[in-house]
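Make a model of the complete structure from these sequences and hints.
Number of protein chains: 2
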Amino acid sequence: MKIKSELPLALRTAYLALHRQSDSQFAPHGLTADQFVLLAALSRGQALTQRELARRMPSDPSTVRAMLVLLERHGLVQRDTHPTDSRARTVALTAAGKRKFRQLWTAGEPIRAKMVGSLQHDEAETLVRLLIKVAESLNAVSVPLDSETSNQTQEVES
Amino acid sequence: MKIKSELPLALRTAYLALHRQSDSQFAPHGLTADQFVLLAALSRGQALTQRELARRMPSDPSTVRAMLVLLERHGLVQRDTHPTDSRARTVALTAAGKRKFRQLWTAGEPIRAKMVGSLQHDEAETLVRLLIKVAESLNAVSVPLDSETSNQTQEVES
DNA sequence: AAATACTCGTGCGTATACGCACGGTAAATT
DNA sequence: AATTTACCGTGCGTATACGCACGAGTATTT
Chain A
119 MKIKSELPLA LRTAYLALHR QSDSQFAPHG LTADQFVLLA ALSRGQALTQ
169 RELARRMPSD PSTVRAMLVL LERHGLVQRD THPTDSRART VALTAAGKRK
219 FRQLWTAGEP IRAKMVGSLQ HDEAETLVRL LIKVAESLNA VSVPLDSETS
269 NQTQEVES
Chain B
119 MKIKSELPLA LRTAYLALHR QSDSQFAPHG LTADQFVLLA ALSRGQALTQ
169 RELARRMPSD PSTVRAMLVL LERHGLVQRD THPTDSRART VALTAAGKRK
219 FRQLWTAGEP IRAKMVGSLQ HDEAETLVRL LIKVAESLNA VSVPLDSETS
269 NQTQEVES
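For the record, the sequence lines run as chains A and B. If you read the first sequence in the working numbering, its first letter stands for residue 119, the second for the next number, and so on. If you read the second sequence in the working numbering, its first letter stands for residue 119, the second for the next number, and so on.
If you're looking for bench data, these hints aren't it; they were derived computationally from the structure. Nothing false has been slipped in among the hints.
Restricting the straight-line Cα-Cα distance to at most 25 Å, the calculated cross-link-like pairs of lysine-lysine (BS3-like) are: (1) 122/B / 232/A; (2) 122/B / 251/B; (3) 232/B / 120/A; (4) 232/B / 251/B; (5) 216/B / 122/A; (6) 122/B / 251/A; (7) 251/B / 251/A; (8) 216/A / 122/B; (9) 120/B / 251/B; (10) 251/B / 120/A; (11) 251/A / 232/A; (12) 251/B / 232/A; (13) 120/B / 251/A; (14) 122/A / 232/B; (15) 216/A / 120/B; (16) 120/B / 232/A.
Beta-carbon label-pair distances, calculated as ranges: (17) 120/B / 221/A: 19 to 25 Å; (18) 259/B / 243/A: 22 to 28 Å; (19) 214/A / 164/B: 50 to 56 Å; (20) 161/A / 164/B: 45 to 51 Å; (21) 173/A / 192/B: 32 to 38 Å; (22) 238/A / 193/B: 47 to 53 Å; (23) 223/B / 180/A: 29 to 35 Å.
Some chain B residues judged to face chain A by a derived CB distance under 8 Å, without partners named: (24) 155; (25) 250; (26) 252.
Just so it is clear, CB atoms sit at the ideal spot from N, CA and C, and this is done for glycine as well.
Have a look at this one:
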């Protein structure tokens with residue numbers, strides 16, 4: 119099955135192309151593509167904990183922390199201690215952060231238009247649906263390390 | 119158009135899921151997901167220059183160089199000076215490199231099976247086709263910084 | 001042949017991506 | 001209440017990803 123072996127590279131190629139284009143488009147604004155993803159996640163759910171933010175990116179908690187340190191230094195986000203859980207910290211956009219995010223949203227529009235523009239309307243929907251499906255199947259369970267265990271695939275989730 | 123704004127995140131999510139799974143699957147073998155991509159590219163075209171190799175990954179020449187330094191140290195690849203162009207260097211898998219690649223190919227099979235397994239047969243083909251389409255449209259020409267260009271990029275609000 | 005333009009690899013700096021381990025705190029168990 | 005367990009953020013180490021600039025070599029033009 120050729121398709122099976124081509125899918126990973128196709129996915130990689132498309133993602134890296136998106137990432138590069140975004141980086142170059144956002145660079146004049148002083149931000150990276152990933153920082154934009156973080157700001158976007160924050161703009162839709164204020165007062166998130168760092169872990170919850172990481173889950174939504176999705177990204178690693180320790181990566182998110184490094185990004186937050188930078189963004190906080192630039193005055194785009196603010197971190198406060200969680201009201202009830204003293205371990206956690208809540209993260210929120212500052213006024214400057216919200217402004218910057220709107221700026222980048224506009225700056226990124228040509229890229230989004232380009233991606234979707236080459237597709238039929240239903241193709242775009244199909245693509246998103248299949249990508250989500252693939253991501254879910256990958257995140258589902260752990261791949262058995264070698265042999266055996268056949269199909270013990272359990273479904274968590276509902 | 120909601121789809122347009124969801125596509126980038128869906129693409130990111132799927133790719134990172136693949137990358138994480140691959141990394142964890144290859145870790146016992148002492149290699150990373152990206153190193154596997156490099157070995158795969160080499161296994162299908164020997165005696166590539168570093169730039170050509172980078173083009174096929176696809177990746178950045180300076181990134182590829184760093185990876186080659188590591189892989190060469192591990193004895194998986196070999197770099198020689200190009201026969202006719204003294205600026206360039208040709209890269210090839212060593213015997214150990216070929217062996218390692220076959221090992222990883224097998225180790226990665228469950229991941230590929232998982233990705234494709236959640237899809238209908240025609241869906242997998244569609245997905246690959248659409249990913250390639252998106253990547254091409256992103257790589258084609260640079261996005262104008264602000265002017266219009268009028269082709270067919272219509273403005274759509276979020 | 002000489003000057004110019006282009007290309008290859010390298011080195012450097014910054015930002016991600018992630019695993020792992022540690023200290024502190026909350027939640028669950030006894 | 002005391003203990004165990006689970007979870008949050010942090011710090012550290014390694015590997016990518018990419019831009020940029022430099023030196024050396026090749027190709028093109030004059």
